[in-house]
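Engineer: With the hints as your guide, set chain D onto chain C.
Taken in order, these protein sequences are the chains called C and D.
Quick note on my numbering: the first sequence kicks off at 1264 and runs consecutively.
Quick note on my numbering: the second sequence kicks off at 2 and runs consecutively.
To be clear, the hints were calculated from the coordinates, so they are not data collected in a lab.
One thing to keep in mind: the hints can contain errors.
To be verified - Straight-line Cα separation of at most 25 Å, BS3-like style, residue types lysine-lysine; simulated pairs:
#, chain 1, residue 1, chain 2, residue 2
1, C, Lys1338, D, Lys72
2, C, Lys1358, D, Lys151
3, D, Lys118, D, Lys60
4, D, Lys77, C, Lys1358
5, D, Lys118, D, Lys151
What the hints assert, rightly or not - So, partial list: chain D residues that the calculated Cβ filter (under 8 Å) puts toward chain C:
#, residue
6, Lys72
7, Asn73
8, Glu74
9, Arg76
10, Lys77
11, Leu79
12, Arg83
13, Ser84
14, Gly90
15, Arg91
16, Thr92
17, Asn93
18, Thr104
19, Trp148
Stated by the list, open to error - Quick list of the computed label-pair ranges, beta carbon to beta carbon:
#, chain 1, residue 1, chain 2, residue 2, range
20, C, Ser1509, D, Tyr43, 50 to 60 Å
21, D, Pro58, C, Pro1428, 42 to 52 Å
22, C, Glu1465, D, Lys172, 58 to 68 Å
For clarity, every value in this text was computed on a predicted model and none was experimentally measured.
Glycine residues also receive a C-beta, built at the ideal position from the N, C-alpha and C atoms.
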Amino acid sequence: MKTLHTLLAAAVCTAAIATPLQAHRLWMLPSTTIVSGDDDWVTFDAAASNDLFFPDHQPLRAEPAVVQPDGTPGKVENMHIGQYRSNFDLHMTQKGTYKIVIRNGGVMGSFKVNGVEQRLPRGTTADKLATAIPAGATDVKLGETLSRNEVFVTSGAPTETVFKPSGEGLELVPVTHPNDLVAGEAATFKLIADGKPAANIEVTVIPGGSRYRSSVNEVTLKTDAQGQVSVTWPGAGMYWMSASASAPSTAIPNAEKRMSYTTVLEVLQP
Amino acid sequence: MNLSHRLIFTGLPVAGLAAGMPAFAQTMDVAVTVPRLSVAEYHRPYVAIFIEGNGTPAKTLSVWYDVKKAKNEGRKWLNEVRSWWRASGRTNAFVSDGTSGATRAPGVQSMSFSSAKLGLKPGQYTLVVEAARETGGREVLRVPFTWPAKPGQSARAAGKTELGTVAVTFKP
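Bound-form chain C, shown alone (with noise of 0.2 Å):
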C-alpha cells in the first residue's frame, strides 16, 4: 500500500497551495444573546451571503454544534434549511453560555495525471489522501484548512465554560465576554492558534445592515503579540468578525494549514 509520503516523494513537484478565501461570509445570527427567563429560546438564521445579515445567496446546511454552559454537548431544534437561509432553535435550560458551533477541516488541492490537473474531491481528509491522489500523480498541490464558526448565547450571567480551548485551529477566549458587549465600550478579545497565542494576525469586523448604507465600515485590526485585539463598537448592533492565519500543517509535510474563526456579536446600548 502506497503511503502519503511515498507518493509525495513520488511528485515531482510538491508545493503549498494558497487556500482560496471564503467567496461568501458564513454566518448564524441569533435572535439575541442575552435571556433573562427562566425557559426561554433563542431562534438563529444562518447562511453563506456577501453582505451581512442578508441572505441571498446560500443557506447553512450542516447542523451545529452545541455545547452547554456545563460543557456537555447540547443540539439545536426545528432546524429547516431554506432556499437562501436555515433557521434552527434552541431551547436554553441551563444558565450561563452556550456555545453553538460550525468546524470544519479537510484538505483541499490539486494533482495533474498524464498532465490534465484535477482537483481534490470536496470533503477530503488526511486521513484519506493516500487513496485520492493516484500513484504517478505529478504537480501534487496540498494545503490543510480548519474553520471554525462560533455564535455565544447567554442565559442569565455569563460564564466561560464553554471557552475551554481544544488546541486545534482557532480559537476565541474571552477577555471581554462576548455576551458583555455595549456601544461605546472597548471589548478584547484573545485569538489562539493550535494553543498558542495568535499573534499579529488580522481581525476583520463588519457591521451588520449594509444593506442600508453606502459604506462597508469593515475594519480591520491586528493582534498583538498576546494574541489580542482590542474593538470599540460604533454603535449598537449585530457584528460580523472573523481572523485567519496560517501555519504549517502537521498533518501533511510541506502544506500550509489555512485557520480561520468567525463569530457574530451582538452589541447593545448603554
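Structural biologist: Leaving out everything else, chain D in the frame of chain C:
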C-alpha cells in the same frame, strides 16, 4: 459624664445635639413618577432602581415586573431593563433578595430606604432608575449623590419619555 468632652471634639452646635439630630442622613427617600401615557396599547413599565459606584457591585433597591405571571414568565423581559440587567439583574439576586415587586401604575411611587438597608461605605454613588415598557421605549435616569449625605439634601432628574421625575431626598 463625658458629654462636655464630646461637644469639644465633634464641634456640633449644642442645640443640634440636644435635639438628638444625627450628623448624617439615616434615610433615603426615592420618589419615581411613572408617566401617564396616551398610547393605544399601554403596559405598566418594568422598572429597576439601583445604586452603583465607588467600585462596589451594583445594589438593587427595587425591581417592578410581572412577578405574578405563571412559571415566572415575567422574567423573560427583565433583560430589556438593560443597564440594570447587566449591572446586577443577571446574577439573579433579585429572585430571592426581597427587592422584586409588581409593576406600578402611573403616578408618584415613593419608597424609603434606611441607612442599614443601603449598607453603603462612604463615597460617590449614582442612583439609577431605568424603565422599559412593552411596545414602548426605554429610559435611564441617573442621580449622583455622596454618602453619607446630610439630612435635608435632595437631588432630582427629569425623564422625557418613559419616566417622569425621580426625586431623591435624604432624611434624618
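Engineer: Looking back at the numbered hints, which does the structure fail to meet, lowest number first?
Structural biologist: 2, 18, 19 and 21
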